[in-house]
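2 protein chains.
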Amino acid sequence: MKQLSTSDPDFAKRFTRLVEARREADSDVAGQVLDILRTVRTGGDNALVQYTQRYDGYSLVEDDDWRVSPERCAEAYEQIAPEEREALDLAARRIRAYHEAQLPENRDYTDDDGVRLGATWRPVDAAGLYVPGGRAAYPSSLLMNAIPARVAGVERIAVVTPTPRGNSNPLVLAAAHVAGIDEIWRVGGAQAVAALAYGTDRIAPVDVITGPGNAYVAEAKRQLYGVVGIDMVAGPSEILVVADGRNDPDWIAADLLSQAEHDPTSQSILITDDEGFAAMVSDSIDLQLGQLSTGKTAKASWDANGAIIVVSDIAGEAPELINRLAAEHVELAIDDPESLMRDIRHAGSIFLGRMTPEALGDYVAGPNHVLPTGRRARFSSGLSVLDFMKRTSFIGLDDKAIRAIGPAAATLAHAEGLPAHAKSVELRLK
Amino acid sequence: MKQLSTSDPDFAKRFTRLVEARREADSDVAGQVLDILRTVRTGGDNALVQYTQRYDGYSLVEDDDWRVSPERCAEAYEQIAPEEREALDLAARRIRAYHEAQLPENRDYTDDDGVRLGATWRPVDAAGLYVPGGRAAYPSSLLMNAIPARVAGVERIAVVTPTPRGNSNPLVLAAAHVAGIDEIWRVGGAQAVAALAYGTDRIAPVDVITGPGNAYVAEAKRQLYGVVGIDMVAGPSEILVVADGRNDPDWIAADLLSQAEHDPTSQSILITDDEGFAAMVSDSIDLQLGQLSTGKTAKASWDANGAIIVVSDIAGEAPELINRLAAEHVELAIDDPESLMRDIRHAGSIFLGRMTPEALGDYVAGPNHVLPTGRRARFSSGLSVLDFMKRTSFIGLDDKAIRAIGPAAATLAHAEGLPAHAKSVELRLK
Numbered sequence: 382m383k384q385l386s387t388s389d390p391d392f393a394k395r396f397t398r399l400v401e402a403r404r405e406a407d408s409d410v411a412g413q414v415l416d417i418l419r420t421v422r423t424g425g426d427n428a429l430v431q432y433t434q435r436y437d438g439y440s441l442v443e444d445d446d447w448r449v450s451p452e453r454c455a456e457a458y459e460q461i462a463p464e465e466r467e468a469l470d471l472a473a474r475r476i477r478a479y480h481e482a483q484l485p486e487n488r489d490y491t492d493d494d495g496v497r498l499g500a501t502w503r504p505v506d507a508a509g510l511y512v513p514g515g516r517a518a519y520p521s522s523l524l525m526n527a528i529p530a531r532v533a534g535v536e537r538i539a540v541v542t543p544t545p546r547g548n549s550n551p552l553v554l555a556a557a558h559v560a561g562i563d564e565i566w567r568v569g570g571a572q573a574v575a576a577l578a579y580g581t582d583r584i585a586p587v588d589v590i591t592g593p594g595n596a597y598v599a600e601a602k603r604q605l606y607g608v609v610g611i612d613m614v615a616g617p618s619e620i621l622v623v624a625d626g627r628n629d630p631d632w633i634a635a636d637l638l639s640q641a642e643h644d645p646t647s648q649s650i651l652i653t654d655d656e657g658f659a660a661m662v663s664d665s666i667d668l669q670l671g672q673l674s675t676g677k678t679a680k681a682s683w684d685a686n687g688a689i690i691v692v693s694d695i696a697g698e699a700p701e702l703i704n705r706l707a708a709e710h711v712e713l714a715i716d717d718p719e720s721l722m723r724d725i726r727h728a729g730s731i732f733l734g735r736m737t738p739e740a741l742g743d744y745v746a747g748p749n750h751v752l753p754t755g756r757r758a759r760f761s762s763g764l765s766v767l768d769f770m771k772r773t774s775f776i777g778l779d780d781k782a783i784r785a786i787g788p789a790a791a792t793l794a795h796a797e798g799l800p801a802h803a804k805s806v807e808l809r810l811k
Numbered sequence: 382m383k384q385l386s387t388s389d390p391d392f393a394k395r396f397t398r399l400v401e402a403r404r405e406a407d408s409d410v411a412g413q414v415l416d417i418l419r420t421v422r423t424g425g426d427n428a429l430v431q432y433t434q435r436y437d438g439y440s441l442v443e444d445d446d447w448r449v450s451p452e453r454c455a456e457a458y459e460q461i462a463p464e465e466r467e468a469l470d471l472a473a474r475r476i477r478a479y480h481e482a483q484l485p486e487n488r489d490y491t492d493d494d495g496v497r498l499g500a501t502w503r504p505v506d507a508a509g510l511y512v513p514g515g516r517a518a519y520p521s522s523l524l525m526n527a528i529p530a531r532v533a534g535v536e537r538i539a540v541v542t543p544t545p546r547g548n549s550n551p552l553v554l555a556a557a558h559v560a561g562i563d564e565i566w567r568v569g570g571a572q573a574v575a576a577l578a579y580g581t582d583r584i585a586p587v588d589v590i591t592g593p594g595n596a597y598v599a600e601a602k603r604q605l606y607g608v609v610g611i612d613m614v615a616g617p618s619e620i621l622v623v624a625d626g627r628n629d630p631d632w633i634a635a636d637l638l639s640q641a642e643h644d645p646t647s648q649s650i651l652i653t654d655d656e657g658f659a660a661m662v663s664d665s666i667d668l669q670l671g672q673l674s675t676g677k678t679a680k681a682s683w684d685a686n687g688a689i690i691v692v693s694d695i696a697g698e699a700p701e702l703i704n705r706l707a708a709e710h711v712e713l714a715i716d717d718p719e720s721l722m723r724d725i726r727h728a729g730s731i732f733l734g735r736m737t738p739e740a741l742g743d744y745v746a747g748p749n750h751v752l753p754t755g756r757r758a759r760f761s762s763g764l765s766v767l768d769f770m771k772r773t774s775f776i777g778l779d780d781k782a783i784r785a786i787g788p789a790a791a792t793l794a795h796a797e798g799l800p801a802h803a804k805s806v807e808l809r810l811k
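Chains as they are written, first to last, in the numbering used here: chain A, 382 to 811; chain B, 382 to 811.
Worth flagging that the hints you see were computed from the coordinates, not collected in a lab. Accuracy of the hints is not assured; some may be wrong.
One side of the interface only, derived from the structure: several residues of chain A facing chain B at Cβ under 10 Å [claimed, not checked]:
| hint | residue |
| --- | --- |
| 1 | Leu385 |
| 2 | Arg497 |
| 3 | Trp632 |
| 4 | Ile633 |
| 5 | Gly755 |
| 6 | Lys771 |
| 7 | Ala791 |
| 8 | Glu797 |
| 9 | Ala803 |
Beta carbons: idealized from backbone N, C-alpha and C, even for Gly.
Modelling step: build the complete structure from the supplied sequences, incorporating the hints.
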């Protein structure tokens with residue numbers, strides 16, 4: 382963990398180093414992924430059989446081996462604990478409500494020149510969701526990807542998920558049931574992403590692919606961007622907590638650890654105006670690390686990437702630091718989070734006040750937990766219904782309208798050296 | 382040009398071949414571009430000097446050599462023909478009006494569980510626009526990229542444009558003046574894109590890069606996607622005209638040629654229910670090709686990629702064909718374009734009725750002319766103010782709200798094996 386103070390003479394330099402520290406390893410998987418994509422594109426289902434045997438130790442022999450049936454998902458939903466069922470239902474209901482309010486409006490109007498103009502939003506025909514298997518199999522991720530697609534109106538949602546040695550996570554299957562998913566393919570890795578993008582005999586191609594995955598999955602999505610739409614280039618998770626001295630240090634310590642426990646490359650940063658409080662949070666983190674089953678991961682993250690920044694004045698100094706870090710999650714554990722929020726230009730999601738730990742946003746608050754990482758909040762947004770929709774503009778002129786604006790179009794077409802453009806307008810002006 | 386009819390016994394096969402025909406060459410520039418990006422990232426301005434000398438035959442020696450001044454743009458605006466000035470002004474005014482109506486609304490509400498939720502849209506801090514030099518230097522492209530960025534509220538807009546042997550297109554400079562651009566760098570190619578993404582001593586980095594360019598520029602943007610936001614992966618232009626027999630064949634021929642004249646890889650397709658009309662359009666195209674200064678390019682495109690599809694019934698057969706082609710531009714030169722539009726799920730932009738040639742949309746109608754090509758209208762949209770903005774969600778709970786939904790979050794966190802997530806909630810529920 383690094384400790385910085387804005388009163389340090391070398392603060393500017395150290396803070397810049399913190400902002401620019403790269404936690405995303407240059408992945409050298411690009412070549413392997415390119416190879417996998419080509420093999421699946423030409424080899425289709427046979428290629429999937431071979432990769433799945435090799436990487437997941439699972440045989441796709443019979444027709445029944447390929448998919449997890451909706452009945453199996455319904456069964457999983459019945460078999461999990463009642464409080465887990467209720468929690469999934471509550472999460473799904475709240476995520477649905479938030480994303481329904483996100484649906485964009487169509488436009489259709491005629492302007493003063495008599496030109497009819499507008500735009501129509503429509504869902505894509507088919508979306509593919511990647512759901513990791515093994516350790517990082519998160520039912521919450523399935524809900525956060527599937528529900529916006531459903532709300533957008535996507536008719537076909539295909540899930541791909543690896544089932545190592547045939548095993549799948551019952552909670553993920555239960556979440557699939559809650560989200561109404563009925564097409565789940567037992568394939569994973571870059572090969573599954575390739576199958577979704579190009580299609581195979583069994584798996585029809587999709588238009589958009591979203592969902593988290595390992596370096597191979599992320600690289601496959603990156604390489605296929607343009608063949609299909611993708612959600613974003615994702616990196617390690619991060620949290621930035623702004624807290625004054627009137628917080629319980631244990632609460633803030635737990636908030637910081639909730640990101641650190643994800644992965645050694647995760648990053649947790651505290652900004653506070655109280656040096657004594659900073660020390661108490663640091664002590665509490667050390668204590669809690671010893672009690673967590675995820676302590677080893679969290680410690681690795683906190684040691685390598687954690688930071689505490691002491692400022693002399695939160696309102697005066699924090700906004701610039703927050704904007705430069707452009708973090709995925711920004712927690713404002715202060716009395717008046719509202720006024721600080723107004724100064725924040727770059728953040729994936731903001732958590733207001735002392736009673737809003739970031740974990741609420743991971744599960745039940747409603748907004749999407751798929752958010753821009755690695756300072757990408759400067760230019761990108763969390764997953765939304767818009768990622769599963771596209772807009773068609775339209776234009777309609779009559780005889781009068783083309784006389785009003787057509788000559789200008791012809792002038793510009795001539796000026797650009799495009800005579801057929803000009804002629805298509807001029808013939809109608811005769 | 383290919384001629385198809387839905388009554389042909391092998392129509393399905395031939396149409397599928399038309400849909401799947403690849404007009405985008407597999408570009409082998411990836412390695413060269415990677416090399417350029419690395420060189421600019423480490424070499425900065427010196428690398429730009431060298432590349433600009435090599436590719437543009439232009440020396441960046443003095444400070445004054447690097448930029449085109451706003452005064453030079455104002456001068457260009459004064460020197461072009463009065464009707465060109467008026468046309469640029471009219472285009473800018475209409476593009477601005479359409480994009481202003483696109484600005485998204487922020488949300489801020491408290492739901493039934495007492496949870497405050499919302500989302501705030503903000504512009505990116507800085508946008509970089511690529512403007513091609515030489516033959517394809519289009520003032521309209523500058524307006525279509527710069528105005529949405531301005532309307533979005535982007536404070537800094539940096540234009541990069543190659544000036545081969547020092548030459549720049551006066552109309553492009555005039556358009557820059559109209560759009561209020563005051564930062565124009567005389568660099569181009571992949572090296573200019575790299576400079577915008579990484580920043581150099583002279584050129585501050587930007588957050589989003591948009592604008593058309595050659596294969597090197599397109600590949601540079603693709604490789605830098607994630608480091609910065611980009612508009613889209615663009616391919617050759619295309620038009621799909623649906624026209625019944627009650628059109629002037631010369632008009633429809635000119636519409637088809639207006640895409641064909643862009644590039645030999647462009648594609649123009651006519652769908653009609655009148656075989657005689659199809660023949661007249663074909664004849665008119667042959668005639669007009671001989672009269673166009675762009676005839677050679679247009680002929681190459683029409684010969685290689687053009688198609689006429691005769692259907693027995695437009696309302697019944699055209700929608701499926703249109704949706705499968707998912708074209709950039711779809712012109713509906715029929716009496717009731719409205720009802721056909723309702724059946725179109727995939728199109729970049731739709732042009733309604735006999736008096737709306739596509740070229741109006743290229744210049745003055747108002748909607749953006751940067752549109753998805755190569756069937757990407759299935760999953761992506763034209764350029765808009767949203768490409769220059771990003772959304773931050775926010776969440777605020779009080780003591781009562783966390784008691785309502787916190788326990789479900791803790792349950793799911795435990796189920797996912799993330800104890801610090803659970804603890805951050807549970808400590809607050811005590």
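Here's how the hints hold up against the structure:
no.: 1; hint: Leu385; in the structure: violated (23 Å)
no.: 2; hint: Arg497; in the structure: holds (7 Å)
no.: 3; hint: Trp632; in the structure: holds (5 Å)
no.: 4; hint: Ile633; in the structure: holds (9 Å)
no.: 5; hint: Gly755; in the structure: holds (8 Å)
no.: 6; hint: Lys771; in the structure: holds (5 Å)
no.: 7; hint: Ala791; in the structure: holds (8 Å)
no.: 8; hint: Glu797; in the structure: holds (5 Å)
no.: 9; hint: Ala803; in the structure: holds (7 Å)
Hint compliance for this structure: hint 1 is the single one not met.
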